[in-house]
Amino acid sequence: MNYHRTLKSAVAALAIAMPLGWASIANAQDAVNLRMTIWSANEAHLKLFNEIAVGFKKDHPNVTVTYESLPFDTYTTALTTQIAGGNAPDMAWIFETAAYDFVNSGALYPLTDTLKASPGYNLEEVSATATERWSKDGVLYAYPFSTSPFGVFVNNHLIKAAGAKTPAELIAAGQWDWEQAISTASAVGKTGKGGLIVRDFNYQMWQNVASVWDGWGASPWSADGKTCTMAEKPMVDALTFIHDAIFEKKAIPGPGENIDFFAGNAAMTITQISRASLLPKDNPFSWDLVPLPKGPAGDYALIGQAGIGVMQAGKNAKTAAEFVAYMTNPENSAKLSQFFPSARKSLLNAEVLKKTNPLLSQEQIDKVVISGIETGKVIPGHTGFAQIQQAVRSGLDAVWRPDADIAGTLQKICGQIGPLLKR
Amino acid sequence: MAVAQDHARPESRSSSPFWTIARRDSLAGFLFIAPQVIGIIVFVLIPLGLVFWYSLHEWNVLANTFTYTGAQNYRMLIEDTNLVEVLGATAIFSAGLVVLNLSLALLLAVLLNQKLAGITIFRTLFFSPVVVSLVAWTIVWGFLLQKNGGINGMLQVFGIEGPNWLREETTAMISVIVVQVFKNVGLNMILFLAALQGVPNELYEAARIDGAPASRQFRRITLPLISPTILLTSIITIVGSLQVFAQIAVLTQGGPGMSTTVLVYYLYQQAFQFHLFGYGSTLSILLFVIVAVLTFAQWQMRKRIVFYES
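Protein sequence lines correspond, in order, to chains A and B.
Position one of the first sequence corresponds to residue 1 (the numbering used here), numbered consecutively onward.
Position one of the second sequence corresponds to residue 1 (the numbering used here), numbered consecutively onward.
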C-alpha cells in the first residue's frame, strides 16, 4: 500500500515538474545573448552602453547584450580573426577605412528595413553624405553612429611664449591659412618644443594627413576609387609643403620624434574633437580649438566615422539589428553624442552639442563641430584598404627623408597601388 | 612427444594473462608519451596539414567563401615581386643575428668561465633579459631608439648626432638585430658556459706543458670540444631568427619601405591584415620548407665540422 502511495506521489510530482522543466528549457532556448565588439575600453562609454542594453532588455527580457573591447590598433585584424575562427560577434564597430570591405563583401545584415520599422526612428534625418560609405544599392549595411570632425587644438601658452600669433588672432585678422599656421608652428618648433602634430599619423597612418592635403584639393585616388591620383599636382604640392614644414621649417616633428600635445609639449595638434577629453586637468594650459586652416584650394573640413554593423552569419542577426535600431534611435543617439557626435540633424545644434561637449565654447561648436559635420569629407577608404594602406605607407617612407624626390616617389606609389585600386 | 606438445600449447595460451609485464610496460610507456604525442598531433601535424589545405584555396573571410583554386597561390608566390625583397631582408636578419649572437655568446661565455668572486652576478646579469617579456623588452627599446630617445640623448652628451635609428633602412635592420641579440644572447651564453665547463682540464694542462699558446689551445681544444654545442645553438638561433615577429611588429612594422619586412611579418600581413588567408598559408609552407632545408643541411654538416669524443 505504502509502495503504491509512494509511486503515485512520484508520478504526480513528475507530472507537475515535467512541464515546469520543459518551460525552463524552452526559456533557456529563447534566451538570446548578443555580443558587440568595440574598440573603446573607456569606463564612461561602457557604462552608457550597458545602460542602453538594460533599456533594450525591458522590451526584450530574453536578450542580453555584452560588449567586448578589442585593442584599437589591431581592431580590424582581431575582428576578422574572430570571423575566420567561426566566432564572429553578432554586432561590430567598423572603422570608416574598412567600411567598403565589410559593406561590399556581404558580411553585414541589411539594416534599412529594421531601422525604418522602428517606431520614431526617423532615418531620413541622417544625411546621405553620412551614410554614403555604409550603404550599397540604397541599402544601409552599417549605421554611422559617430561622425567626428577634425579640428586644431592649440596651446596658446607656448605660442605666445614663442612670440608668434595665435590661431585666434589669425582668424580674427582673416589670415588663418596653412602658410600662417606653419609659420606659427615653426616659431614654436625652433624653441625646442613641438610645432604642429597630426595626431595618430606617426608616419604610418598616412590617411590622417588628409587633414592637411585636403586643403590643396588633393586626394589619393579618384572619386570612383579606380585611378590613383597621388602623382597629380595637388598631392605633389601638398606633400612638398608638408615636407618643407618638417625638414626646413621644423614646424612638424620629424619621423621618430615623439612629442605629445596633450602633455603641453607642442603648439598645435590636428585631431578629432572627441580628444578634448585628453586635455590635462591637473596642470592645464591655455588652449583653444579652431577649424582646419584654409588651404590653397579654399576652406575644407574632414571627418572620421565609425559604424555599427550586424554580422550576417550570426544566429540572431534580426534581434541584433533590432538592438542596433534601439541603440541608435533619436533618444539614445542624444546620449551617445556626448562621446560620439551624431549625424542626426536634430542633434546638430549648438544647444544639444553644448550640453554634451561642456569643454567647448559656443563658437568652437559652431565653427568646428556643426560646420565640420555638415561639410566634411570622410577620411580616405577603399575596398582592400589594408593592402593599399600598407603599399602607400611603405612607399611614403621615401618621402619622409630630407633628400626626398617627392614627385618620383608618388609616381612609384601609383605604380604599386594602381592594380589594387582596380580590383 | 610431438602430440603432447601440440596439446600443451593451446592450454598454455589460454592460461597466460593478456597483460604480460612487457605489454604493461608498453602501455605505461605509451601513456607517458601520450600527452606529448597528442599535443604534437593536435597543435603541429593537423595545423600543418590544414595550412597546406588552405594554401590550395582562396578564403574570403568576410564573404565567408572558401574556393578551391589549385596551385594559384603558388603561382602568386612565384610572381610576387615583393618576395625577393622580403627573402633578402629575412636572409640579412638571420645572418646578422646568427653571427652576432653566437660570437657574442661565446665571447661572454669565455669571459665568464672564470673562477672569480662575484662572477655569478655577471652571469645572472647577462642571462636576465632571457626571462624578460619579449614585448615589454621591445617596447622599451623602441623608446630608446627614437630620434629623440635615450640612445641619441646619451650620444649627444659626447657631442655625437645619433642617426634616426628606426627610420633609416640600414640602421633599422641593425637595431632590430641588436635588440634581438641582447634579448637572447644569455641563453646561448649559458649553453656555451656549460660546454666550456665540460672540457677536461687535463687537455689544457697537457697543451701548456707542450708550450701551446692560449689562442692555439682555444682553436685546437676548446672549439672542437664545444662544437656539438655550437651546432645546437646555431640550429636554435637560425630557426628562431626565421620566426622573428614581435620585434618587427613593435619597432618598425616592416619599414622603412620594406627593409625590415621579414618572411613571418609578411605572412602575418597577408593573412591577418589583408585577409588573404590562402596566400598567407602558402607563405607558411615556404617558411616551413626553408626551415626544414636549413636544419637538414646543418644536420648533414655536423659530420664534417662537429667533433665527438666518442
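In case anyone wonders, no lab produced these hints; they're calculated from the structure.
C-beta atoms are modelled at their ideal positions from N, C-alpha and C, and glycine is treated no differently.
There's no promise every hint is true.
Unchecked claim - Pairs of lysine-lysine residues, derived as DSSO-like cross-links and limited to a Cα-Cα distance of at most 30 Å, are as follows:
(1) A:377 with A:367
(2) A:377 with A:250
(3) A:249 with B:147
(4) A:193 with B:303
(5) A:190 with B:183
(6) A:165 with B:303
(7) A:250 with B:115
(8) A:160 with B:183
Claimed, not checked - Chain A stretches covered by chain B per the calculated footprint, using a threshold of three residues with CB under 8 Å from any CB of chain B:
(9) 91-105
(10) 209-219
(11) 226-238
(12) 246-257
To be verified - Sample of chain A residues with no beta-carbon within 10 Å of chain B, all distances over it, derived:
(13) 54
(14) 123
(15) 156
(16) 345
(17) 363
(18) 378
(19) 394
Structure-based check of each hint:
no., hint, verdict
1, A:377 with A:367, "holds (16 Å)"
2, A:377 with A:250, "holds (28 Å)"
3, A:249 with B:147, "holds (18 Å)"
4, A:193 with B:303, "violated (62 Å)"
5, A:190 with B:183, "violated (38 Å)"
6, A:165 with B:303, "violated (76 Å)"
7, A:250 with B:115, "violated (56 Å)"
8, A:160 with B:183, "violated (46 Å)"
9, 91-105, "holds (count 3)"
10, 209-219, "violated (count 0)"
11, 226-238, "violated (count 0)"
12, 246-257, "holds (count 4)"
13, 54, "holds (32 Å)"
14, 123, "holds (25 Å)"
15, 156, "holds (24 Å)"
16, 345, "holds (32 Å)"
17, 363, "holds (36 Å)"
18, 378, "holds (20 Å)"
19, 394, "violated (5 Å)"
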